[in-house]
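If you read the protein sequences in the order shown, they are chains A and B.
Note that the numbering used here numbers the first sequence so that position 294 is 553, with each residue one more than the last.
Note that the numbering used here numbers the second sequence so that position 337 is 596, with each residue one more than the last.
Quick caveat, the hints were computed from the structure, so don't treat them as lab data.
Some clues are possibly wrong.
Below are the EDC-like pairs computed for lysine to aspartate or glutamate, each with C-alpha atoms no more than 20 Å apart in a straight line [claimed, not checked]: (1) B:K522 to B:E546; (2) B:K623 to A:E573; (3) A:K500 to A:E546; (4) A:K623 to B:E573; (5) A:K675 to A:D594; (6) A:K500 to B:D499; (7) A:K526 to A:D654; (8) A:K605 to A:E464; (9) B:K500 to A:D499; (10) A:K526 to A:E448; (11) A:K675 to A:D641.
Some chain B residues close to chain A (C-beta under 7 Å, calculated; not the full set) [said to hold, decoys possible]: (12) P353; (13) T472; (14) G480; (15) G481; (16) A482; (17) M488; (18) A495; (19) G539; (20) G545; (21) L567; (22) G574; (23) A690.
All C-beta atoms in this analysis are idealised placements derived from N, C-alpha and C, irrespective of residue type, glycine included.
Okay, here's what each chain looks like letter by letter:
2 protein chains.
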Amino acid sequence: MTSHADLIRALDERDTADFSALFDFLRIPSVSARSEYTGDMARAADWLAHAMRGIGLEAAVLPTGGHPAVLGEWRKAPPGAPTLLIYGHYDVQPPEPLELWTSPAFEPTIRDGKLFARGSVDDKGQLWAHVMALSAHMRARGTLPLNVVILAEGEEEVGSDHLAPFIATHRERLACDAVVISDSAMFAEGMPSILSSLRGLAYFEVTVRGPSTDLHSGMYGGAVVNPAMALARALATLHDKRGRIAMKGFYDRVRPFPTAVLKGMRKLPHSDTRFRKALGVRALGGEAGKTTLEKLWTRPTCEINGMLSGYTGEGAKTVLPGEAMAKVSFRLVPDQRPDVVERQFKAHLMRQLPASSGVTVSVKALHGGAPWRADLDGPIFDAARAALRNAFGRDPVIVGEGGSIPVVSDFERLLKAPVLLAGFGLPGENAHAPDEWIGVDNLRRGARAMAFLYDEFAARYSP
Amino acid sequence: MTSHADLIRALDERDTADFSALFDFLRIPSVSARSEYTGDMARAADWLAHAMRGIGLEAAVLPTGGHPAVLGEWRKAPPGAPTLLIYGHYDVQPPEPLELWTSPAFEPTIRDGKLFARGSVDDKGQLWAHVMALSAHMRARGTLPLNVVILAEGEEEVGSDHLAPFIATHRERLACDAVVISDSAMFAEGMPSILSSLRGLAYFEVTVRGPSTDLHSGMYGGAVVNPAMALARALATLHDKRGRIAMKGFYDRVRPFPTAVLKGMRKLPHSDTRFRKALGVRALGGEAGKTTLEKLWTRPTCEINGMLSGYTGEGAKTVLPGEAMAKVSFRLVPDQRPDVVERQFKAHLMRQLPASSGVTVSVKALHGGAPWRADLDGPIFDAARAALRNAFGRDPVIVGEGGSIPVVSDFERLLKAPVLLAGFGLPGENAHAPDEWIGVDNLRRGARAMAFLYDEFAARYSP
Numbered sequence: 260m261t262s263h264a265d266l267i268r269a270l271d272e273r274d275t276a277d278f279s280a281l282f283d284f285l286r287i288p289s290v291s292a293r294s295e296y297t298g299d300m301a302r303a304a305d306w307l308a309h310a311m312r313g314i315g316l317e318a319a320v321l322p323t324g325g326h327p328a329v330l331g332e333w334r335k336a337p338p339g340a341p342t343l344l345i346y347g348h349y350d351v352q353p354p355e356p357l358e359l360w361t362s363p364a365f366e367p368t369i370r371d372g373k374l375f376a377r378g379s380v381d382d383k384g385q386l387w388a389h390v391m392a393l394s395a396h397m398r399a400r401g402t403l404p405l406n407v408v409i410l411a412e413g414e415e416e417v418g419s420d421h422l423a424p425f426i427a428t429h430r431e432r433l434a435c436d437a438v439v440i441s442d443s444a445m446f447a448e449g450m451p452s453i454l455s456s457l458r459g460l461a462y463f464e465v466t467v468r469g470p471s472t473d474l475h476s477g478m479y480g481g482a483v484v485n486p487a488m489a490l491a492r493a494l495a496t497l498h499d500k501r502g503r504i505a506m507k508g509f510y511d512r513v514r515p516f517p518t519a520v521l522k523g524m525r526k527l528p529h530s531d532t533r534f535r536k537a538l539g540v541r542a543l544g545g546e547a548g549k550t551t552l553e554k555l556w557t558r559p560t561c562e563i564n565g566m567l568s569g570y571t572g573e574g575a576k577t578v579l580p581g582e583a584m585a586k587v588s589f590r591l592v593p594d595q596r597p598d599v600v601e602r603q604f605k606a607h608l609m610r611q612l613p614a615s616s617g618v619t620v621s622v623k624a625l626h627g628g629a630p631w632r633a634d635l636d637g638p639i640f641d642a643a644r645a646a647l648r649n650a651f652g653r654d655p656v657i658v659g660e661g662g663s664i665p666v667v668s669d670f671e672r673l674l675k676a677p678v679l680l681a682g683f684g685l686p687g688e689n690a691h692a693p694d695e696w697i698g699v700d701n702l703r704r705g706a707r708a709m710a711f712l713y714d715e716f717a718a719r720y721s722p
Numbered sequence: 260m261t262s263h264a265d266l267i268r269a270l271d272e273r274d275t276a277d278f279s280a281l282f283d284f285l286r287i288p289s290v291s292a293r294s295e296y297t298g299d300m301a302r303a304a305d306w307l308a309h310a311m312r313g314i315g316l317e318a319a320v321l322p323t324g325g326h327p328a329v330l331g332e333w334r335k336a337p338p339g340a341p342t343l344l345i346y347g348h349y350d351v352q353p354p355e356p357l358e359l360w361t362s363p364a365f366e367p368t369i370r371d372g373k374l375f376a377r378g379s380v381d382d383k384g385q386l387w388a389h390v391m392a393l394s395a396h397m398r399a400r401g402t403l404p405l406n407v408v409i410l411a412e413g414e415e416e417v418g419s420d421h422l423a424p425f426i427a428t429h430r431e432r433l434a435c436d437a438v439v440i441s442d443s444a445m446f447a448e449g450m451p452s453i454l455s456s457l458r459g460l461a462y463f464e465v466t467v468r469g470p471s472t473d474l475h476s477g478m479y480g481g482a483v484v485n486p487a488m489a490l491a492r493a494l495a496t497l498h499d500k501r502g503r504i505a506m507k508g509f510y511d512r513v514r515p516f517p518t519a520v521l522k523g524m525r526k527l528p529h530s531d532t533r534f535r536k537a538l539g540v541r542a543l544g545g546e547a548g549k550t551t552l553e554k555l556w557t558r559p560t561c562e563i564n565g566m567l568s569g570y571t572g573e574g575a576k577t578v579l580p581g582e583a584m585a586k587v588s589f590r591l592v593p594d595q596r597p598d599v600v601e602r603q604f605k606a607h608l609m610r611q612l613p614a615s616s617g618v619t620v621s622v623k624a625l626h627g628g629a630p631w632r633a634d635l636d637g638p639i640f641d642a643a644r645a646a647l648r649n650a651f652g653r654d655p656v657i658v659g660e661g662g663s664i665p666v667v668s669d670f671e672r673l674l675k676a677p678v679l680l681a682g683f684g685l686p687g688e689n690a691h692a693p694d695e696w697i698g699v700d701n702l703r704r705g706a707r708a709m710a711f712l713y714d715e716f717a718a719r720y721s722p
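Extracted from the complex, chain A is given alone in its bound form:
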């Protein structure tokens, strides 16, 4: 076991400067979903490349066909040392609704030990923890114990469409012995966590079109099919009474989770009452007969993410809308596939709203990602357990995650390397919502854990 005291000291010395730099990074509104932020996306990529160069890496902003990727490299480790690929993303979710932020989304603010900003936890802050960790090694020892490639993409929040092709194209340059990603949350405060599974995603925009223009709801109402009503009725058929998804064949490819994983989940401290109260709801929902963690981590879902039709401003407008739109997404579990779900979803809606129904329905696939389950053996996982224990003072737990990081399975498939997912967010961190935050101390411990991980992995690795 290597001593980590020098790394801790190096991180502590630089704490103020590291946070100040992160604040600069968070101030850039790198919203990948909306074209008006294209300039800010480029600015964030350049900023990050510059920061990587500042700690001694070679860095480049590389085109992807969409928003650019930032690639940092350091390959001066002794012969026989492993190569670690660190993946993160510099793009963030749109900040809306702006009025619900306590402090502005792109003005990082620390309150009560929490750093609030869009991207603080998802994922700029966590990506930055790796930069802090690498910087600590460089300053403490002038070198790194392994070869490092950092890949920061700019399209994670819009489906990482260009990342798999990018990995395929740059396969040689990205070749590695393990991938580490910090883009997830710990199970609870003080409980470092290793992710054993991610859900996949199949995200669609559904448009139901009726009359060719908005109509007066009095003059036409009662004889014309209302597209908003048709959409509501179609959406209402997506679940059955027990909360299962009522689409034909939807569960056919679902492979049950190993009993050991399910058992481990049941041992985790979880209170439905506390969960419910934290969300401000009087009852929970979802599939009957499953525990909450089972529902969140091991079961597929169907959600409405957005809905828009007709007049939504102040007051009353008596309009019969010409069309209605819903964003609908499915979370997938192994071995479901986004393309299969797309076919099932389209078929389901066409059955609900055939040409004879008086409206037409169209479905646009906005993005998809495969579900994933980890193999928890091997040096990178052993190294992670040791590094997390040293940084947080207790053994990590093995958890699942309901969200998606679509590229995880791409990395495994294309680079043939195991992927370690260890993140430092917390439940309630408001990723994708107003007042997104990360605990300042968890960010610090995360940087420590990652600095330790490089040592631990290098020590355990044999070519």
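Since the structure of chain A is already known, use the hints to place chain B on it.
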């Protein structure tokens, strides 16, 4: 029968000036539903009062507790002449969606004999036809054959909340022998029409609230009740499979239309195919077993007017929305009542989404109006038949109307006077939608018909 040649000449002479003034009126964005237009509402009221004074009426802008009413008066008719109350409204619907207008909503434009502008047909243009008609009398003869009160309100598009109290307060001043309103459409080009019925309205905003903030749909999806999904499911229960409204007690107060009226409706030239094609839909909808005109004029409805939840911008945002909103309105027929429907609607939604459902539902009544049926006898209706025949060259037909003019029954009740509804719009006029228009020639004939009406009514009236 009085000769009308002088009135026709007076209208023709002034045609350019009358249209130019109407354009000025239409340019004022008098949107009553939205507070940012409050200044324009006041401006439109002042403009109208000024125009009334210009033709020799006394006019005042009077407070109502909401947007002001404009009252024009002329009471110099010979003893024994009747008093006619002309009612119209100077407020208009919001112009959105702006991008669907061929020419700007508040820049009146004539194309192919149609005058396009928000308010052209509903109702500034039709109100203006009366001003043109009165002006013609004044110029041709220096007098009017009857006493006239013009009441133009500014809240018709938001439910006329303050009009009934206003009428009650000013009952003496508004006392009259008949009310005439031009705020409706003719059955078809060349077919002058008298309205025998209007549907009432009960308009609501429904909000379904779930978690206290928007959530990440991956991290929380599957265990939390999605308010948008809950709303869609609740909305889907509002109709049964035969297109009837599935709310308990909803049809209890519906009084069947007289057989003679239904028979007359079946004789009107109507083609479902043409109706369908004009709307750009492949099939019609609504209650099974009813004809289209029956559905539109004699049956109650339930429509979604608007729907909003979660993320509706470009691209994909994986959010589980904290709340979802729908604007839902019912058209009512005699003897349904908005207050009764409000109770039924709230009870229905509470049954669908009880406290135990994991979401809460709230319903805000935005406005309501009673349904109405005309009694077609008496001098004002005889006068209308003669005036319309003379102006359009054929006998008027008796039609129904699916829309609402909530104040019609208030006039009857408070002023004890019969109400004549004769309007000059046409099907497809896009009232409440982009590209609202009125036929230029129908507007001219409408002004003639109203000029004739004053003579015909005065001639037939006996105190």
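Checklist entry - What are the numbers of the hints that this structure violates, sorted from low to high? => result none
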